[in-house]
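Whole structure, please, built from the sequences with the hints as guidance.
2 protein chains.
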Amino acid sequence: MKQYIELIDKKLDEFMPICYPQKIFKAMKYTVTLPGKRLRPVMCLETCKMFGGNFEDAIPTACAIEMLHAQTLIHDDLPCMDNDMYRRGKLTNHMVFGEANAVLAGDALLTFAPQTILKNSKNLGSEKLIKIMEEYFHAAGAFGVIAGQVVDIESEKLLEMPQLEQTEEDDKLLSETLDYIHTHKTADLFKLALRCGAIIADATDKQIDSITEFGQYLGVAFQIADDILDETSTFEQMGKTLGKDKEEGKLTYTSLYGLEKAKKDLNILIDKCYKILEDNNLKSEIFNQILEKIRIK
Amino acid sequence: MKQYIELIDKKLDEFMPICYPQKIFKAMKYTVTLPGKRLRPVMCLETCKMFGGNFEDAIPTACAIEMLHAQTLIHDDLPCMDNDMYRRGKLTNHMVFGEANAVLAGDALLTFAPQTILKNSKNLGSEKLIKIMEEYFHAAGAFGVIAGQVVDIESEKLLEMPQLEQTEEDDKLLSETLDYIHTHKTADLFKLALRCGAIIADATDKQIDSITEFGQYLGVAFQIADDILDETSTFEQMGKTLGKDKEEGKLTYTSLYGLEKAKKDLNILIDKCYKILEDNNLKSEIFNQILEKIRIK
Chain A
0 MKQYIELIDK KLDEFMPICY PQKIFKAMKY TVTLPGKRLR PVMCLETCKM FGGNFEDAIP
60 TACAIEMLHA QTLIHDDLPC MDNDMYRRGK LTNHMVFGEA NAVLAGDALL TFAPQTILKN
120 SKNLGSEKLI KIMEEYFHAA GAFGVIAGQV VDIESEKLLE MPQLEQTEED DKLLSETLDY
180 IHTHKTADLF KLALRCGAII ADATDKQIDS ITEFGQYLGV AFQIADDILD ETSTFEQMGK
240 TLGKDKEEGK LTYTSLYGLE KAKKDLNILI DKCYKILEDN NLKSEIFNQI LEKIRIK
Chain B
0 MKQYIELIDK KLDEFMPICY PQKIFKAMKY TVTLPGKRLR PVMCLETCKM FGGNFEDAIP
60 TACAIEMLHA QTLIHDDLPC MDNDMYRRGK LTNHMVFGEA NAVLAGDALL TFAPQTILKN
120 SKNLGSEKLI KIMEEYFHAA GAFGVIAGQV VDIESEKLLE MPQLEQTEED DKLLSETLDY
180 IHTHKTADLF KLALRCGAII ADATDKQIDS ITEFGQYLGV AFQIADDILD ETSTFEQMGK
240 TLGKDKEEGK LTYTSLYGLE KAKKDLNILI DKCYKILEDN NLKSEIFNQI LEKIRIK
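So the protein sequences, as listed, match chains A and B. For the first sequence, the residue numbers in numbering that gives the first Met the number 0 are 0 to 296. For the second sequence, the residue numbers in numbering that gives the first Met the number 0 are 0 to 296.
Treat the hints with caution; some may be incorrect.
If several chains are the same, the list does not tell them apart, and a pair holds so long as it fits within one copy or across any two.
To be verified - Below, in silico cross-link-like pairs of lysine to any residue (SDA-like), each with a Cα-Cα straight-line distance of 25 Å or less:
id	residue 1	residue 2
1	Lys-156	Thr-253
2	Lys-156	Leu-90
3	Lys-130	Leu-38
4	Lys-1	Gly-52
5	Lys-22	Leu-172
6	Lys-130	Leu-117
7	Lys-127	Ala-200
8	Lys-130	Tyr-19
Just so you know, the hints here were simulated from the structure itself, not pulled from any lab data.
Next up, the structure:
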């Protein structure tokens, strides 16, 4: 895990030289290179390896997915969105570079990421590159993370509706909405990382389906864990302002189901992930570590 | 020209169905389908035809470039950028859909545009598609339009610097800065449209170089014409708030060189465009029309 992370950090630095106009390249690199767990690129490399591919072939794609992840963080943190001042213990992009440059840095990353893949993965061949582009566009756009963010914003209004009663139907609506948000805001990028790793390793369609299902469970599990930590953790542990969701009455897994059920469901999802690995005869120390890290005792 | 525009409008409508979550797809489509001259897609189709290609092969790419153009407009109009309320006679995107959705609609268009190409141009083959993707990423990102926008924002600070005297060196700096802004904010998207049209038509490298040079001149000419109209036109004629650049002391061609020199230089650039067409034995009624439309008598 540590070796993967070091490799990814080194490659991210290499892939992102500071060109003219420096301000925009610095703003882009600032958020991408904030210290992080590099979960998505690690999963991309490990999936490639797990399916018999050469993980080095997946490095540009893995790094591009981390850039895309940074893009979503930069724009989500904007004053007109979540208005967050801290991220990974550091000031958010717009706090350092100003709002206009933060918007532009996010925009620039959205195309710089796939550009990095095309530039550094020529050995994969045009057809595989096109497949990866399609996966990237789908996950990055209005069918992917952006759909999740839009519904997340809308859901705040949903909760403010005075006619919303605690009927069974309302509960169902809230539950489905939350599942939609988690699927698209979080699981879609996980699935992108896993699917790309599998595609690069020439995995079969059936294998790609399995790893996609794995990514769905892992993504939602990760988001439930995040919701739990938002309630039970501290700024020092997480590097961002916490408890805001609760304060603002946001729709979260813990607000909807309570802390106990959240913990129970989280562990059920983790077990489902293990089952998929087992059923497909996939062995990975890295994925075991990731799953155990998310589990809440 | 009218036939091209009608075709592009029809295809833009087809390529952009309103999916779930409707809000984001509506916001994306709103700005893309505002009535416009469709200059960039028209140039893409006409270039393809001029180099002996089938212009129908270029339709998805032409429409994608219009989507990218709309993306830049949506984000440029944001309160943290130019803070514009009107565009093409209608309210700007954030005025209708709110700031958060306008940011997300722009983000979504950045990947929806190349996704539209990949989905609808399979007949071009993987290798040509990769070339088009590379062109798109270069023009859309921090080496293209975004570089122009960043330096444009910076230039406002440059003009406010008290130490800036009217020396020859200062003039040179301002002149180079303005050229950089025009090249990247405007000419880069023109060049994208022309180069993609040429690539789809299997033009030679030399032909692509020529049409790129043409796009550089035409783009700067177009921007000079826009600066002139900003001073001499009315809201009714242009559909956007005018005179703001002058009021805010922004760096424009007319503010730097005066109205007379601007008109003169504009016509010199138009003549250069004609010369390139002649030298390459390229005949196009459409480009003649575009060039004459920009010319200021």
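Against the structure, the hints come out as follows:
no., hint, result
1, Lys-156 to Thr-253, "within (18 Å within a copy, 47 Å between copies)"
2, Lys-156 to Leu-90, "between (28 Å within a copy, 23 Å between copies)"
3, Lys-130 to Leu-38, "within (22 Å within a copy, 31 Å between copies)"
4, Lys-1 to Gly-52, "within (20 Å within a copy, 52 Å between copies)"
5, Lys-22 to Leu-172, "between (44 Å within a copy, 18 Å between copies)"
6, Lys-130 to Leu-117, "both (12 Å within a copy, 10 Å between copies)"
7, Lys-127 to Ala-200, "both (10 Å within a copy, 24 Å between copies)"
8, Lys-130 to Tyr-19, "between (31 Å within a copy, 24 Å between copies)"
Every hint from the earlier list agrees with this structure, and none is contradicted.
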